[in-house]
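Asker: Here is how the chains run, residue by residue.
Protein chains: 2
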Amino acid sequence: MNKQQLFQQIQKKRSFLCVGLDTDILKIPKHLLNAADPVLAFNRKIIDATAKYAVAYKPNLAFYESLGWQGWHTLEKTVEYIKSKYPEIFLIADAKRGDIGNTSNLYARTFFEKLDFDAVTVAPYMGEDSVKPFMSYPEKWVILLALTSNKGAADFQYLKVEETGDQLFETVLKTSQNWGTTENMMYVVGATKAEKLKEIRQIVPDHFLLVPGVGAQGGSLQEVTKNGMNSQCGLLVNSSRGIIYASGASDFAKKAGEAAQTIQQEMEILLKANSVI
Amino acid sequence: MNKQQLFQQIQKKRSFLCVGLDTDILKIPKHLLNAADPVLAFNRKIIDATAKYAVAYKPNLAFYESLGWQGWHTLEKTVEYIKSKYPEIFLIADAKRGDIGNTSNLYARTFFEKLDFDAVTVAPYMGEDSVKPFMSYPEKWVILLALTSNKGAADFQYLKVEETGDQLFETVLKTSQNWGTTENMMYVVGATKAEKLKEIRQIVPDHFLLVPGVGAQGGSLQEVTKNGMNSQCGLLVNSSRGIIYASGASDFAKKAGEAAQTIQQEMEILLKANSVI
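From first to last, the protein sequence lines stand for chains C and A. With this note's numbering, you'll find the first sequence wraps up at 365, consecutive numbering, no jumps. With this note's numbering, you'll find the second sequence wraps up at 365, consecutive numbering, no jumps.
FYI, nobody ran anything at the bench for these hints, they're computed from the structure. Errors might be hidden in some of the hints.
Remember, identical chains collapse to one label, so a pair may be satisfied in a single copy or spanning two.
When the alpha-carbon atoms are kept at most 30 angstroms apart in a straight line, the in silico DSS-like pairs for lysine-lysine are as follows [unchecked claim]: (1) Lys228 with Lys284; (2) Lys202 with Lys239; (3) Lys115 with Lys133; (4) Lys115 with Lys220; (5) Lys171 with Lys118; (6) Lys286 with Lys248; (7) Lys286 with Lys165; (8) Lys202 with Lys133; (9) Lys202 with Lys165; (10) Lys239 with Lys220; (11) Lys133 with Lys91; (12) Lys248 with Lys262; (13) Lys118 with Lys239; (14) Lys228 with Lys101; (15) Lys284 with Lys360; (16) Lys173 with Lys262; (17) Lys262 with Lys239; (18) Lys133 with Lys101; (19) Lys248 with Lys220; (20) Lys100 with Lys342; (21) Lys115 with Lys165; (22) Lys228 with Lys165.
Model the full assembly from the supplied sequences, consistent with the hints where possible.
Answerer: Following this line, the structure appears as structure tokens:
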């Protein structure tokens, strides 16, 4: 999916919501455990209930891998379900991969050929050749970790680099802009650091930012929008637990849909207030 | 596996060789493609031919994931094969994972419970809470990326940190020492930077180092040993392509065994010269 198509979808759905499909088999309603593939059954219901309000889905690979090869099978079937039923959706593999060039090539092949994801999250530590293979596919995206929302972000991402005085995450943003374009690269920016978004927008005014951490991780949608929105929205804001576990009972899908709709309605107001729609 | 057991195996086999099971279905001998699981068939033969000379195996996950859920199934069967037939082997998942704490917990569960790996490679960018979950398992290990062997290592790992004057990879080594011990933590150090090993040994004198990049990636075993060996060896040196693709014909296993033996014999000389055995 290209940037224009993503923006069109945002305008049409009046939403920049990404739903995190971090499906934990220990947390899904008990009645689904009788299904042949409980996680897939859960995902389908969640997707059907929320697709009207979401522009993106983001399965985190850890949840699927923890179930072994069967979990990978469930992931593949989830991707197929979304791509066949909701082809307009932007689909992100939250995989945080990154390896030497030849090996990153294989990861890119996995997520863009074997599975039909639109984007993959990638860790920057190994530098350019670990990231570029993901950008050699037309209309596919790399989403590079810049500033994450967890406590450990402070360990290295905030370190000041001697030569420039920039913090490491700023250096990642600046250096990596030479690797791709606003058409094949986005950045992960944790919403718990909303005050940092203004700085980040000065470095990358036109890139899309994937913002996890609204909701359970503590960020505020208003703050994120105020500091991070640009004329083409430029934001995908993720919510996982607040939506997919809105209810643990048989009404889980209905409640997930309502939770997604609540966020979409707030997003619509913010998009209008910023003259994006 | 604990450190003492690993050292005993090094002494017994007179080797610190790790064989990288980076098995590419496009590169294995054609006659294996008729097997029900060609990659597993290849791995078994390679393992049987090299286990006498190797103390560790390291499948790189990218190669298995590129085959989808079937590839994960092959990985699981490869792990089972090694663990049942060669229980003394130290088994490394070269996965380069790392996510927020809760999610890293799931990755740890995957590699240490669902699969019976002894160690996982982990990327440091997200800091302490992304790494520590892997160290909560007794006798399991995290192998943290410090200095990698690829060109892109120069992009961020060599940056000087303003506060200390240390390079980023040195900061990773120093900071992360507070997270674990020499009994549950190792570091990845690329062999193409053998001259850096001396510096690294001053920071982490007692930790094991996993050294990729000897052979195809250009490092020298003598240089690595000279600068990196300590009294308990402290090194696992990986070779992948040079061993597993030593021959592309029907004699591939025999040739892989010979290639592994050649390295083991060189290692034996170096271990003796350094009074480790």
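Asker: Compare the structure with each hint and give your call.
Answerer: Here is how each hint holds up against the structure:
| no. | hint | result |
| --- | --- | --- |
| 1 | Lys228 with Lys284 | within (27 angstroms within a copy, 37 angstroms between copies) |
| 2 | Lys202 with Lys239 | between (34 angstroms within a copy, 27 angstroms between copies) |
| 3 | Lys115 with Lys133 | within (15 angstroms within a copy, 41 angstroms between copies) |
| 4 | Lys115 with Lys220 | between (37 angstroms within a copy, 24 angstroms between copies) |
| 5 | Lys171 with Lys118 | within (27 angstroms within a copy, 34 angstroms between copies) |
| 6 | Lys286 with Lys248 | both (18 angstroms within a copy, 25 angstroms between copies) |
| 7 | Lys286 with Lys165 | neither (39 angstroms within a copy, 49 angstroms between copies) |
| 8 | Lys202 with Lys133 | both (24 angstroms within a copy, 27 angstroms between copies) |
| 9 | Lys202 with Lys165 | both (12 angstroms within a copy, 21 angstroms between copies) |
| 10 | Lys239 with Lys220 | both (28 angstroms within a copy, 12 angstroms between copies) |
| 11 | Lys133 with Lys91 | within (28 angstroms within a copy, 48 angstroms between copies) |
| 12 | Lys248 with Lys262 | both (14 angstroms within a copy, 16 angstroms between copies) |
| 13 | Lys118 with Lys239 | neither (33 angstroms within a copy, 50 angstroms between copies) |
| 14 | Lys228 with Lys101 | within (21 angstroms within a copy, 47 angstroms between copies) |
| 15 | Lys284 with Lys360 | within (23 angstroms within a copy, 55 angstroms between copies) |
| 16 | Lys173 with Lys262 | neither (38 angstroms within a copy, 50 angstroms between copies) |
| 17 | Lys262 with Lys239 | both (23 angstroms within a copy, 18 angstroms between copies) |
| 18 | Lys133 with Lys101 | within (19 angstroms within a copy, 55 angstroms between copies) |
| 19 | Lys248 with Lys220 | both (25 angstroms within a copy, 24 angstroms between copies) |
| 20 | Lys100 with Lys342 | within (22 angstroms within a copy, 62 angstroms between copies) |
| 21 | Lys115 with Lys165 | both (20 angstroms within a copy, 28 angstroms between copies) |
| 22 | Lys228 with Lys165 | within (20 angstroms within a copy, 32 angstroms between copies) |
Of the hints listed earlier, those the structure fails to meet are numbers 7, 13, 16, in rising order.
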